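Chains A and B supply the protein sequences, listed in that same order. Per our numbering, the first sequence starts with residue 1, numbered consecutively. Per our numbering, the second sequence starts with residue 1, numbered consecutively.
Hints are computed from structural coordinates only; laboratory data are not their basis. Accuracy of the hints is not assured; some may be wrong.
As the list claims (entries may be wrong) - Ranges of calculated distance between the beta carbons of each label pair, as one might list FRET restraints:
(1) B/ASN177 to A/ARG117: 39 to 47 Å
(2) B/GLN124 to A/LEU42: 44 to 52 Å
(3) B/PRO264 to A/ARG117: 50 to 58 Å
(4) A/LEU42 to B/GLN159: 43 to 51 Å
(5) A/ASP280 to B/HIS218: 44 to 52 Å
(6) B/ARG112 to A/ALA31: 51 to 59 Å
All values derive from a computational prediction rather than experimental measurement. Beta carbons are placed, not taken as given, at the ideal position from N, Cα and C, and that holds for glycine.
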Amino acid sequence: MTTLASTEFASSTLGKVLLSPRGGLSALCLAIVIICAVFAPLVSPYQYDIQNLPLANREPSWAHWMGTDEFGRDLLSRIIHGARTSLTVAVVAIGISVAIGMSLGAAAGYFGGLFDRLVTAAVDLSWSFPEILIALILIAIVGPGLGSTMIAIGIAYLAQFTRLTRAQVMALKNETYIEATKNLGAGHFHIIFRHLLPNALPPVIVAGMLATGNAIILEATLGFFGLGAQPPTPSWGGMMSSGTAQIFIAPWIIIFPGLAIAITVIAINLFGDAIIEALDIRNRLRDA
Amino acid sequence: MVDPAGDNIATVRHLTRVFTSRRGMFGPKRTMRAVNDVSLDVPRGKVTGVVGESGCGKSTLARLVLRLIEASAGKVLFEGVDLGTLPAADLRKLRRRMQMVFQDPYSSIDPRYTIRRALLEPYQVQGVTIDAAAARLRIDELIAMVGLSPRMADSYPHQLSGGQRQRVGIARALALNPSLLVLDEPTASLDVSIQAQIIGLLEALKNDLGLTYLFISHDLSLIRYFCDRTVVMYLGRIVEVLPTSRTEPRHHYSRALMDSNFEPDPNRRKVVNRLAGEIASPFDLPPGCAFAARCPAATELCRRERPVLAQHGLGHQIACHHPIG
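Here chain B stands alone, though its shape is the one from the complex (with noise of 0.2 Å):
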């Protein structure tokens, strides 16, 4: 299949995993809908973001579009192969186009290895015939693209910083030139000083390697900030789409997401509507909107019928009865 616009490097149909877990060893079979029917393009040189609280899901998307679990339903192309039906010798061989940024940077390197082993890593996975001198140039170079200083490639994970640890994940992903990463939280585990230096790093990285970003977060600010489209997802659907950065949501838990976020100037804060209610158990989810039993716009049609994604405007896509404005 030729997704049409012919730009979007991933596109996300229908995608859905489901996970079955039981209540003690004879109860009942329960299901929970970790990712529900998503679809999503993910647009070539621009940067996506997914946000939404813990537990709606953006983890467990991010690792369907990369296939690192397997979908229930629904399935993922990247550059047009459909992922789903690869077979595993050729998915690992596409995995050098598509890479991942983990959240922890505390666990993501195998304490055992010194950085420049783990810089070595995916030339090995991959089969790469690369001499002595050939990978410790592009070892060094690498190291100092995500500004480490070269002294640190002996080094051992444990001897490092958490931002220094994330800068080693971003050089191991890089490793292999992909057009897509997904960056699963990348600084959700960092001081805020530190956050914005990955970010900016990110930033630069994408302008001069001309990379595709998937950003997962739950931080709404740093989304708006650093995102060109925002995904809003809640309990495993997308709620809104916001095509640029400077679209105001108009869903109401987008807009309450937004007024979550702290203002430091104490002239600019405003009144927090804070949400009321209950967050539904995912694993019976109710028939209605799932965010119905917090909405402040809720009616009875809410809680009877689950809203459907629309269009509303240019790109904006929201999944709402009663959408501000």
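Bound conformation, chain A alone (with noise of 0.2 Å):
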């Protein structure tokens, strides 16, 4: 029976994403991922770090779902923390991503002048090296660790934000009722604040959502590299980096963590479209 509640919902924008066959699918999996991150005590079966030299490089079993690594640490275990270490490196890192991207780009958007010449020079020049590049480059300033992924992630990812707020903020700052608050007698505040971001909010928060996946990837490659979580610290890239050494005897070490990213990264990427599709923002996206 079709309830006019359940009518509602199909139409709602998260009915749109849900009940779509890939939203729903990734939907499920960034569940799993998302409960497996908050929950990674109570659901991981071994503690994370607890060494076992005589059951290093088992392969996997009923005991081991993923077998164990080189010091005999449950694989699974450690997975289900390193998506811990991912999603809050990726979320924290895109979080400062688009609060300062979206104050800069609004500020330049809204206000023109030399300013926005300044921010749209200094965007063009990161926008042109690799994210990984400027991640590296950071990291080398900083010094590796966890606060320096998090920064030097969110500083790469900065300009797409910047951009795209400052192209919707533009287009928005010459809709009639801009000029109409304006006229109401309200200040450049009330008119970014109230009008001007909420609108431009939607395409941001895809891009964000987006963002996300890559930037779990490049967290990653810099943990890969060693210059993100440093052990004991269990992070996807860092143990796909330690597998690389037994590849040849135990090579689940490598391939089950470079699973759990390959999932969560395209998990995010069809949730993420599902949201475009659903809230019709393509254009939007595009024109940025």
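Dock chain one against chain two, each of which comes alone in its own frame, and use the hints as you go.
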């Protein structure tokens, strides 16, 4: 029976996302990853940092579903805890990016002039380097670690949010309702925070979502180079890096973290795509 | 400066707005005078109409009068206060006295705002302390005032028709009890039947609330019906001021505008004198009368010397070397 409530849900944005095949499947994957990350100590079968050298490099079994690593640590438990590291770094980094990028982009797009030109020049300059290079340079300056990884990734992705917000604000500020609000006697603060940013938000949220997937890859890359989370904190990239030494005798050490990265990033991208589809904002994303 | 008559709500003197643009990145700078040396009085409690074809600067004039854009020269006095020299904070306070209704009702309300929230915004912006119950009452009153149903208060703009949205735009402009309302083609993007309703509403509101209107339009017949005084603009300048709605236009351009109105009654239709010639480019205006190239009565004098706005009878001002009649 189709009730009014269920029809209403199906036509809402969230409903459209969850009821589409790729949206529903990716949401399920993401939910599992997020639950693992949040409740890591509860869902992992072993402690992630207990070494058991006699059990080193064991292949997957009923006792250790994903096998053990070169120190005999349970790989599944480390991957579950690694989800925590990866998601935290990616979300905080993109949070930094979105917050600073939106502020810069809104100010540049709204006020224009010299400030706009400086911001645009800086953004275009950083846009011309790959994110990994920017992140590596920043970590080389600040030093490796979880905190500096977050900051480095956050700054590496700053350019795209600045550009996107600036383009949105420049388009929106010519709308009649902005002039109408100005005519009511509203100041810049009111216009930016009550009208421009809320209207510019949907594409930025989606772009942020897609960038989170890339940030997980970037975090894994930095972890692979030993520049991210430091041992014994598990990170997917770091686990793959230590797995390279055992690749011929215990390939599961490198395969399972790699799969975890791949599945998470694919799920995030599909989910983002489903949102783009549901909100119908592909054009606005492309313009920027 | 106290204005001599004392009954003008707004006085505009020698107002000019120049826009500059470049042809290409290294091309020469070109300037365009969208509004050129316009002086105008807006008498209190009356409807002053500004009419002219697209691009003649009437919308720019409306925004200059409210100082939504900055003037290049000249000044605007609103209730004796020079808006040009007013500090930004004082100007924002003064905005509650002068409001505007916009041409496009489809984009004049934030799509994310409900009607109620849009109508509450003027009070928030002006820092008026108003408790929830009083705000609700006031918003219901505004909604009723513009002839909308109270159940529309929680609708979003996209759920309303153009006419309903324009009513919301009017309610929003009235929220702060202004004395001057600038109407920038408020009916131009509406159906003819809806136009009549909106004009009727504006007339009723004017009488009930004692408002003064500055009414911008390109529709001379609408202007003649609705306005007490009519100002005709051509390429940024005033070419004629008609003191009453019955004054016959004597400038050739105003006459052409009048003739261009469609007459529904076939027996009353007359032969329309279509304007020949090209409209002058606003970027490089000819030295003489801007209308000379299209004017049926243009002479050598018109092409050489620009006619100044001069009195021809009581309050009737014409800028023409050879006025009709």
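Hints, one by one, checked against the model:
1. B/ASN177 to A/ARG117: 39 to 47 Å: holds (43 Å)
2. B/GLN124 to A/LEU42: 44 to 52 Å: holds (46 Å)
3. B/PRO264 to A/ARG117: 50 to 58 Å: holds (56 Å)
4. A/LEU42 to B/GLN159: 43 to 51 Å: holds (47 Å)
5. A/ASP280 to B/HIS218: 44 to 52 Å: violated (35 Å)
6. B/ARG112 to A/ALA31: 51 to 59 Å: Violated, since B/ARG112 and A/ALA31 (Cβ atoms, about 29 Å apart) do not stay within the stated range.
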